[in-house]
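The listed protein sequences correspond, in order, to chains A and B. Numbered by numbering that gives the first Met the number 0, the letters in the first sequence go through residues 0 to 626 in order. Numbered by numbering that gives the first Met the number 0, the letters in the second sequence go through residues 0 to 108 in order.
I should point out that these hints are in silico values taken from the structure, not numbers from a laboratory. The reader is advised that the hints may include incorrect statements.
[What the hints assert, rightly or not] Derived lysine-lysine pairs resembling DSS-like cross-links, with alpha carbons at most 30 Å apart:
| no. | chain 1 | residue 1 | chain 2 | residue 2 |
| --- | --- | --- | --- | --- |
| 1 | A | K185 | A | K522 |
| 2 | A | K488 | A | K25 |
| 3 | A | K522 | A | K610 |
| 4 | A | K522 | B | K80 |
| 5 | A | K185 | A | K492 |
| 6 | A | K492 | A | K610 |
| 7 | A | K185 | B | K80 |
| 8 | A | K411 | A | K492 |
| 9 | B | K86 | A | K522 |
| 10 | A | K410 | A | K492 |
| 11 | A | K185 | B | K86 |
| 12 | A | K492 | A | K25 |
From a predicted model like this one, the values you see are computed outputs, not experimental measurements.
The chain contents come next:
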Amino acid sequence: MATHTMGMPKKKSGIMDWLTTVDHKKIGVLYIFSGLFFLLVGGVEALMIRYQLIKPMNDFVSGEVFNQLITMHGTTMIFLAAMPMLIGYMNAAVPLQIGARDVAFPFLNALGFWLFFFGGLLLNLSWFMGAAPNAGWTAYAPLSTVPDALGVDFYALGLQISGFGTLMGGINFLVTILNMRAPGMKLMRMPMFTWTAFVASALIVFAFPPLTVGLFLLTFERLFGAHFFDPAAGGNIVIWEHLFWIFGHPEVYILILPAFGIFSEIIPTFARKRLFGYTTMVFATMLIGFLGFMVWVHHMFTVGLGPVANAIFAVATMAIAVPTGVKIFNWLFTLWGGKLTFPVAMLYSVAFIPSFLIGGMTGVMLSVAPADYQYHDSYFVVAHFHYVIVGGVVFGLFAGLYYWFPLMFGKKLHEGLGKIQFWLFFIGFHLTFFPQHILGLTGMPRRVFTYLPNQGWDMMNLLSTIGAAFMGVSTIILLVQLVMALTSKEYVKRDVWGDGRTLEWTLPVPTPEYNFAQTPLVKGLDTFWLEKMAGNTTVSVSEPVGDIHMPNNSILPFVMSVGLFLAGLGFILRLDYGTVGLVIAILGLATTLTAMFLRSWIDDHGYYIPKSVIEEDLRLEAEKEAK
Amino acid sequence: MEKHEPQLTRKQMELEMKADHSREMQVQLISFALMIFLTLIAFGAVMAELMPRWAAGGFLVIMAIVQVYLQLYMFMHMNNKGNTWIKVMMGLGIFVALTIVATLRLLIW
């Protein structure tokens, strides 16, 4: 090791540091803020949808714009808001929870983020090019293959690029969790969030390839004159639906499992009790992940695949209720007899249980194939999936934000405002989506831009829109809190919640770039809690202080992503502008390939933080603790 | 920071590595020959038209499975220790892919 005498690189400042960073903590912050930005975009789209539906025969937007709004709302929320924020939490928490200094592939991590970001940008650029995608977030063929507008081209290429990024993230976390655990951190000692991140990453690795294939077929159909979905030329339109849902169903588990993980961290922390039934929790997570691949046809019951296919997939779908029920009971039993406190993170976790349960029950109703013929394409379905996605995933995102914000920024979000934010969101959520069950059962179809008066739908639609306004106000309060927290100078102490159970709370505030000065030694599940019970203030270490190897920052991930973004844009423009588009596309691809070549060509061994620097950090930290 | 290897003299280590290497090389060469032989059989079976179409198809699938096995275990060191998770993941991937293909086979084509 003495032969490596690579000096520490010069600190880059400001924006350049964020563009080149390969530090998982900073990439986590980038993911979360980009996710929040897209959450706002998707939220504004949602408010416009609800405002259009506030009364019968409203003409706030045209039918065409409405179609664009619903398409972009769904796509943005799933691909660009919920998933990136969850991957952000994985970045922020997983390496710290397993006692690692970084993820397995820091460069790939940065590349994953920038691909997602530029994919999202390409998708949203469509608003400014006069044609947002308008074929629904599911983009069913043959509607999505109609060549009249550019919209779906942005959908296909934007999602393709951001999908590459997600796939890289999935691979990265699988390898990180399997290979980078601290000594003593056996699989069955991993915190629940790490477990769910692991299973969700496996789902990403298996579920994204079908989407990639589907999007390629769609792209070739639209841009290069292929006929995969054209029955007249021997194609088959149902192939798209299958490919989309083979991906799409695991996708909802990719979203909900990490959210389950977040609740499974927060509930034991604020109940001061070990998670009830940890082992069953792990197996339930794996079972949900596994069964998630066996149920995609329940989105297609009305396609006409026959009673045998419908029956098989209906039974498989109902089976998923079992491990989910196991989880619900485990959370309840964790709460039972605990010494409970209710900061905002805990409020969201407790509110999640009944809210998600309602979504789960309507899910079982929908899984009954004959009944689904009635519910299909009605507002009942809209109510169901918003109950699971908002009541499950978004509550999880907010809970995680309040819980881990001090870990990421060394400051707390304002608890008082947070409580207002929670109650507004909770009431608004139920007010928006509960009436939609009734709308669906009384026959209102989804994806209609307006409706006639006196069908018994006016009141429920009005209530639903009022609820949406509540959620809008709540989100504004969240933004105020974020600005307040980020501009404040009040730093929190180590182990901010006082009863942290897992390794991330043992770290000093702010977390040093190398995370752990000495790799910890893990003695069991919730190892920090075990050490506290044994009378220690911090966890044992497994190595002496030494030099720490760090990866160098790199601008290449950013350049590669810009290249792919330009290539996508160029191929879309080629249809209307011919050569100009082609030139942009070729330039973009050349940029990406050059960056990839440089990445392979340049030997980058990283650098070492010398022992002396780390000893100094440890000394300063000890002084701070002593005060 | 380096892991502590059992104490061997330099000479012993070199001999050990050489032995490992030649054993490895033998396995690789044998499996390489075997795979070429199997490929020839597969081609031959079809070209000689000894079997009806459906039987030839089934035979080819079986041969393919054998080839995949050889690839993974002889060439790509799947038989080495520490590959449990890789096996689990590949198994799951194969299972998911087969389920999907079987379902689509029944429902679409």
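Hints broken by the structure, by number, lowest first?
Checked against the structure, no hint fails, so every one of them is satisfied.
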